[in-house]
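Take a look at the letters that make up each chain.
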Amino acid sequence: MPKDPTLKKIMLLGSGPIIIGQACEFDYSGTQACRALREEGCQIVLVNSNPATVMTDPSLSDRTYVEPMTPDVVAEIIRKERPDAVLPTFGGQTALNLAMDLAKSGVLEECGVRLIGADVDVIERAEDREVFRKLITGLGLYMAGSITAASFEEAAEFVGSRQFPVVIRPSFTLGGTGGGIAFNMEELKEAMERGLAASPVHEVLVEESLLGWKEIELEVIRDRAGNAVVVCGIENFDPMGVHTGDSITVAPIQTMADVEYQELRNEGIAIVNAVGVETGGCNIQFAVCPKTGKRAVIEMNPRVSRSSALASKATGFPIARIATKLALGYHLDELQNSITRQSCAAFEPSVDYCVVKAPRFDFEKFPGAKPILGFQMKSVGETMALGRNFREAFQKSLRGLEIGQSGFTERPARPGEKLPPLDERLRDPGPYRAFYLKEAMRKGYGVDQLSEMTGIDPWFLDQLNIIHQEEKHMGEVLGPLFSDNAPQPGPAEAVQWRRFKTHGFSDSQIAYVLSREGLESMDEDKVRRRRLLAGVKPTFRAVDTCAGEFEAYTPYFYSTYQGSPDAGEVPAGSSAKKIMILGGGPNRIGQGVEFDYCCVQAAMALREAGWQTIMVNSNPETVSTDFDMADRLYFEPLTVEDILAICEEEKPYGVLVQCGGQTPLNLSRRLKAAGVPIVGTSPEDIFLAEDRGAFNKLAAGLGIKQPQGGQAGNVEAACRIAQEVGYPVMARPDFVLGGRAMKIVNDEAELRRYWDEALSASSDGTVFIDRFLEDAVEMDVDALCDGEEVVVAAIMEHVEQAGVHSGDSACSIYPHTFTADQIERIRRHTTDLALALNTRGLINVQYAVQGDDIYLLEANPRASRTVPFVAKATGWPLARLAALVMTGTPLSKLPKPPLGNRGYNAVKEVKMPFDRFPGARIELGAEMRSTGEVMGLAVSFGQAFIKAQLAAGHKIPREGGVLLSICDHDKSRLVEPARKLVALGFKLYATQGTRRCLTENGLPCELVNKMAGSRPNLIDCISDGKIQLAVNTISGQGSARDGMVIRAENLKRGIPTYTTISALEALVEGLQRWGMQNKVAALQDFYTV
Amino acid sequence: MARPAALLMLADGTSFPGEAIGAAQDAWGEVVFNTSMSGYQEILTDPSYMGQLVNFTFPHIGNYGTNPDDNEAPEPKAAGLICTELDEPHSHWRSQKSLDRWLAELGVSGIAGVDTRALTLHLRKHGCLNGYISSTDLDPASLLEKARALPSMSGLNLADQASCHEDYQFASGHPKTVAVLDFGVKRSILTLLEKAGFSVRVWPGNTSAETILESGAHGVMLSNGPGDPAPCTTAIETVKKLLGRIPIFGICLGHQILALAVGGKTYKLPFGHRGANHPVRDEITGRILVTTQNHGFCVDPESLPEGVSVTHHNANDQTVEGISAPHLFAFSVQHHPEASPGPHDARYPFNQFRELIGQFEERSKNA
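Going down the list, the protein sequences come from chains A and B. For what it's worth, the numbering used here labels the leading residue of the first sequence as 428, then goes sequentially. For what it's worth, the numbering used here labels the leading residue of the second sequence as 767, then goes sequentially.
Please note that the accuracy of each hint is not assured.
Result set (EDC-like, lysine to aspartate or glutamate): computed pairs, CA atoms no more than 20 Å apart in a straight line [unchecked claim]:
no., chain 1, residue 1, chain 2, residue 2
1, B, K891, A, E996
2, B, K961, A, E690
3, A, K436, A, E503
4, B, K863, A, E687
Bear in mind the hints are in silico, worked out from the structure with no lab data behind them.
Let's have the full structure, built from the sequences with the hints guiding it.
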């Protein structure tokens, strides 16, 4: 069946802001869907509130709605656009839930819109645990015993007749939010409370535990004719009990005989058919008892998922692209495998390599939260590696994590870190268990013992043991090559190097092992030099979906040391000059989809400009690692060794390090030193901006003010500087991402307490201590510079108080509280700085405005987190243009940004992950903790602000109580918005000073005691349910502590809390014209304003 | 316990170093690649691989060990195996011994440590070649001579060697019996016939048509088997005599023999289809089946006489995957409906065979 001709205009739903469990894998699948729809001549109406994504680039769809993904708003878009169908299977759980709401609301019927990919019945059958269970049992398959419970009592009764442990899974949540495991009644009670709160339908599933069973996933794709293929089987390294998103996973399955695998496959396809998935990709999870082979079905998702992104990258099979076309009516055999161009899409990829995915965690950012893995996903990113054996892939994936581990190595305690005993670290899965296995092997733990303790299959542990055993021989074999009387390198030596390299040992790991064994002053560079002298280099092999059976046309490569040194498969390619783009590696808080957006934009722009583009990245969730985003893709860890090997193979004209965030920047100096041609701003200039002394001098020379401060190498020096400039101070370790360990410090005792943490996060052992500018407003500026001219793309005003990390602060384009003169000065400063830093490409500058004074906080000549937001808000594609500037096009030949305010406002709001880290301190601070962002666009600032709030999922109240606790400085601006709140029918509650201000102005207001005062106090008031909204601006220390308490309590209860009067004003404006937020417009409309 | 060095020499002079595994004897045959990611034990015991050195593209072989249940024949049939890594440590609840030990005990040799992807790409470019593996003679020139001296697969009647030499009852107790002409039958074909409700009697491939007909069988299964179908002249003649007198179902080599018996022709594919992921379109239902394949020869659709239709095509290269001669009550498939290893999508012909036998009896009654 060819395409359904009635499907001309398709609405595609994205997944909204990045959250843990729903990250940029949906940008990848959505972007692929957009491209597939366009290829089929469909008009695309895209809805996604997340401006950081590639998919919301206005060039990828016809109508791009960056609007809140609420049923009301999306219904409006449907009424306006009248699409023929809605495709909800590419935007994760968000899109599925939204599709359900839309269907229930009747708007689909009203407008004659179909759901394609998955309809309401399918979604219900897969998502409702009870319905699903009946279906599975009906197929004669096994699911662990369970009940749906709406109370602790029901759960307790169920458990009474069975055995602990039991698993608690809330219905209709994603990434297992609110899920957990209980080993006793007390834990059950706790878990039930959390689970019921997390479930939108206040229901949880209580299930017998399959702890310790093997966990297997199948990625199945099905067409309308009923043809189904299994694209990939994935085996989890960690057994059941660790969320699959937090587990190291391996493809293909390694420890199942064919008989069992085929039975699993039959069951998977039977489930897909029974759920009634008509077309598209889905994912099914199984548990397999390692002792008996007994199987249990865990769950299925009738949509593309994180695993399908992984499966696509692991096999080369573009699941999202194919699923899109199937949704349009095609059958599998009518679609071509775009990699081989000979075979059709109705086949099951065969791979001739191993794939390992390793999760990346950010527990360090959430002190207080236990770093233990369970049913609720905690990882914030992942990296994938390919190798010609499991060991090579495993070691590559571990070094690809970029957490300072060069492979399968031990992980000693960090300064100030207290590690539990080894046995505990092995038994309780945590973020670093893989490295503790290495420690255990050194201490003599056997494979069987480790398997018993961890539940990890002995096959994997045996493989790790081979690495461990080989490492023992490294000193004796490779050591002599570095002695004074070392022999001339020759073929015999090459064999010795290959012996270790085929197990995946990195140069830095070898250097580490050799120096541990007594070889002095060993380093990675020495190892590499000697290895290259012996002629030992990796070969690059193609990912071709078919294990070599057909010729592959899409150049997607990985490196290996296994096999013939002359078996490389990289073709000569065209004569066009090559440009290499370094990606950002695994996502982490502070470095996520925004940088992938920049990389992809650069690749697209440069390809259009006639360059041959080469992408290097290790993150399977990204658009940049889609096999045809660049002319060539290297799926490799982002380390000096791996990148140098690719450069040696490709000999690019230039390498772009500005787009991928901190990862490539941190490598840039060493790459340059090794002779890699870096294009754009030179690494020296990038790092000049981080060199405190030199940068201060530069800024002073330009007449730009900076907060007083200095750089300290020890705690005494830090205290001295703090004393000089006066508390509070902003403390910032050198060279960190996302404000890691940044903190506002209020007194000397606090500074001393905090010092160790700051130092451990610092890369060069120093910490900046600056005066903290109280009552300031911060702003971000993104600009482009070609060395002669500077163009400011946008000035963003933060909506949160100063001191909140720019990545965690809501901000607005265009600024609305600054004078024209201030804005002019900011433009001038930015221009001066960009030129002085010899910027070629992007620069981001942060300022604080205190009174009329403008202070420079930092300047970074590279892509910033705000680049995609700026691009979407202004319509000026600065990331694309930056790539052209970096490769030599002068700004004068490029389009200019729109001048000034275009008659609308854009507000960025962030998404915090505190609900994932019970026990963590809930606060917005100088260290970034948000995982994602949304954008609200509207004519007025207030409307844009409200849209952003709704898009971020904040519950904006229409009535109820408002808690006000406002510092003196802001009180004059409070009265007007407070009056409007009263007029809107809100009841005001305020702390003493604030209340006085309000009553003096004739506004009714109830008194609330501060925390230090008598009870009932702030918290009592909140927990009584009297408060639906809070505004708390701070100045000084005591109120700051109260502020923290308020925010923590409110976050827990989902009560929106704002920290600036600007935010309150915006909110009030939005509330006054409630309903206006449902007025929708596509980006394309805004740009033509 | 380092393994002795070994060398694989192809007849075109390309060589691959590695280490000797299994029985560590010399091994030789046609080098073919298989892209299955699991099922090495089934593949090595599949009689269709007789005379062939199987190059496994998946880099870990032996990872789940061996067990007594997954054999397709009592002992390995492939001439040898070529792999990247033969895993000594293995893990599976049914595993009884490592693949290396299993091979050694059953006298099968091979070579590990080979860049199997490079070898596969070489075969893809140059077609299947003969090869010779040795760990005692590592002299390239001498090995090349040995590799070149090996006979070509074309024209070689391996089915005779793969067949049983005496008839035997595999399954009984069902009202209807299928006679299997054994050219190297896989055990799972017999098992699936039994599951389809038949008693099963296996006959040597050179059994006469008269003997089969006199045995009282209700249908004939032409089994899979190794090598070129053209030299199987005895079997082709037998089938010619059986056609129309008893329902026939052929698999793989049996399919090719049926095609030759109805007057068609076969030809050698450049490097064959060997793997567990080949899409086949059933032209009757339009459905796509993911199938296991293992064949170097193929039926030429142009050569088929009137009345014989092509029922299945390979969705990748559009080669013939199944034929049917309804007037003769005969049909066959090129792929392996029994899979083992591989997906079970294509198992329905066993039931079709039962229906066909029913229809044949209906007609005989009415006639």
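To see whether the hints hold, each was checked on the structure:
| no. | hint | result |
| --- | --- | --- |
| 1 | K891(B) x E996(A) | holds (14 Å) |
| 2 | K961(B) x E690(A) | holds (16 Å) |
| 3 | K436(A) x E503(A) | holds (16 Å) |
| 4 | K863(B) x E687(A) | holds (18 Å) |
Hint check: no violations occur; every hint is consistent with the structure.
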